[in-house]
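Trainee: Going line by line, the protein sequences match chains P and F.
Be aware that the first sequence starts at 41, since it is given in the numbering used here, and climbs by one per residue.
Be aware that the second sequence starts at 66, since it is given in the numbering used here, and climbs by one per residue.
I should point out that these hints are in silico values taken from the structure, not numbers from a laboratory.
Among the hints, a few may not be true.
Stretches of chain P that chain F covers, calculated by requiring three or more beta carbons in the stretch to come under 8 Å of a beta carbon on chain F [said to hold, decoys possible]:
| hint | stretch |
| --- | --- |
| 1 | 116-125 |
| 2 | 135-146 |
| 3 | 177-185 |
All values reported here derive from a predicted model rather than from experimental measurement.
For each residue, glycine too, the CB sits at the ideal point set by N, CA and C.
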Amino acid sequence: MKSSLREDLKWCTEKLLAMHSQAKIGHLGGNLSCLPGLCAVAAQLRPDDRLILSKGHSAGALYVTLARHGFIEESELETFHKDDTRLPGHPPANLFPQIPFATGSLGHGLSLAAGFAYSQKLRQTENQIYCLTSDGEWQEGSTWEALIFAVHNRLTNLTILVDHNGLQGFGSTREVASMDPLWERIRGFDIETEVIDGHDVDLIASRIHERAPRLRILFLKTIKGKGVAEFEGRVKSHYLPITDAQFELAMNEAREKTLS
Amino acid sequence: MRNELCNSLIEQASNPSMIFLTGDLGFMALEPLQEKLGERFLNAGVAEQNMMSVGAALAKDGWQPWCYSIAPFCFARPFEQIRNDICLHDLPVKLLSNGGGYGYGVMGPTHHAVEDYGVMLALPNMKVFVPCFNEDVAPTTLAASLWNHPSYVRLGRGELPVGEVAPKYEPWRQVTRGSGAVVVAVGPLGGVAWSTLRDLSDAERPDLWILSELPILDTLIPQEILSRLNAGARLVVIEEHVTHGSAGALLVYALTNLGVSVRGFKHLAAKSLSVGAYGSQQFLRARSGLSPEHIKSAVVSSGAGK
């Protein structure tokens with residue numbers, strides 16, 4: 041499993057870089073930071089489990105992850121961001137069973153995930169619901185509405201992952217909203233929280249796998265733009281497209297990663 | 066209409082997919098429904114945005130969610146959740162909106178909803194129900210339950226004229242006949258118009274139609290209305306909603322599409338969310354030109370138009 045997950049991540053990283061390079065679009069930074077989390081979740085999704093990507097601007101990371109598991113044809117990834125594509129810049133509506141909701145307006149995904157979790161709780165199933173949010177997204181009031189709902193209703197079948205890269209569209213989360221680190225703000229809730237290395241895909245998978253008696257939030261400490269030297273930890277990775285030179289360097293780095 | 070709502074949903078509670086969500090509203094009205102549904106009655110708290118998205122996910126998972134709140138908190142506060150999560154995915158979530166129009170009267174403008182169904186009708190797949198009489202609530206909720214797309218039910222206060230029996234629920238119902246204008250009243254104002262206009266002379270008494278479902282589909286406009294308008298009758302539309310997105314605007318648009326020439330049109334509509342003073346629903350209707358006196362004057366002055 042260990043090497044397989046790393047292979048997944050390597051494959052997905054290369055595909056993601058290629059897609060963004062070809063499309064000449066931004067949002068790559070947040071895609072790269074959440075990719076290990078998505079790979080870890082996707083590898084253990086069972087048919088009736090659900091994954092909601094609340095940070096819809098990381099759609100590319102979702103598409104490559106789904107493609108890795110055969111839910112999207114690899115060849116279709118080449119249509120990313122083009123006219124007449126099924127793979128727009130934010131997840132589409134009503135096209136893929138594995139993408140139950142179009143996301144992209146921040147602050148919706150956790151409520152949707154909570155709705156699924158409540159549904160499965162009523163039906164007394166073992167199905168698991170996963171929701172990946174950004175950290176800046178917690179400035180949306182609706183995310184807190186969802187958290188209150190999920191905690192109150194003891195949705196222990198819901199696992200929240202937060203891509204805690206510390207950067208948002210026009211500054212750092214610390215500069216914009218003084219909520220960094222987010223886990224300090226959430227401490228008062230009746231929740232299992234854990235802060236882990238968000239780039240260690242094996243570690244994330246092991247922590248997801250473990251069940252908890254309370255709602256769980258895994259804070260994934262990540263670096264925005266991870267793998268693209270000029271993007272790492274920089275706000276510009278949110279909007280700027282990757283240049284050809286940056287792409288070549290990043291691809292070399294990705295290829296050189298050992299699969300041990 | 067809250068008690069009728071409660072009773073009608075209790076009648077549907079044997080549907081195991083039914084689930085009711087409230088934004089912490091329903092005190093002294095919905096307790097019997099709560100008792101009947103048990104864990105399928107969910108007080109989602111003072112958090113309407115979350116309630117709508119939760120409702121969307123429940124519908125996606127095969128439930129039949131009904132989401133209840135006071136009208137502005139039902140359609141306006143969680144608008145993007147209704148748009149993105151419910152309508153974009155064409156999910157059969159039923160929005161139950163209490164006190165549409167000026168229904169909350171002197172409680173103040175934050176509690177009014179005079180632009181609600183126009184906003185809702187701008188969304189894909191949305192159907193709006195505006196029951197007129199308390200007796201309409203049960204058939205309306207049944208119709209909403211059978212509508213496998215998003216729906217918005219605007220509840221108000223039924224005003225059945227003294228001595229009358231509520232006609233069987235239909236999207237379009239004619240309650241008076243005469244040689245005067247053609248009058249279309251939306252929802253509860255239909256009862257007010259009926260009381261006001263029923264005793265006019267035959268020459269002045271209009272054909273009064275109560276409209277309870279939107280949007281207006283060309284093919285569903287009663288043939289009698291088209292015939293009378295084509296024969297030169299004037300048209301009066303009465304509704305507790307602003308003109309933008311109104312039933313009146315939709316009706317004229319539909320008639321134009323059908324090639325019907327409307328030779329005289331009066332639109333009695335809500336003037337604004339803010340009318341410069343506070344008061345009861347009757348007071349606010351009067352400020353908007355929607356009192357019985359306004360209705361009578363508009364209809365009589367329109368004449369038959371022949």
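Trainee: Within the assertion that chain F covers the stretch 135-146 of chain P, do at least three residues meet a Cβ-to-Cβ distance smaller than 8 Å?
Mentor: holds (count 4)
Trainee: Counting residues of the stretch 116-125 of chain P with a beta carbon closer than 8 Å to any beta carbon of chain F, are there 3 or more?
Mentor: violated (count 0)
Trainee: Per the coverage rule (Cβ-Cβ under 8 Å, at least three residues), is the stretch 177-185 of chain P covered by chain F?
Mentor: holds (count 3)
Hint 1 from the list above is the single one not met by this structure.
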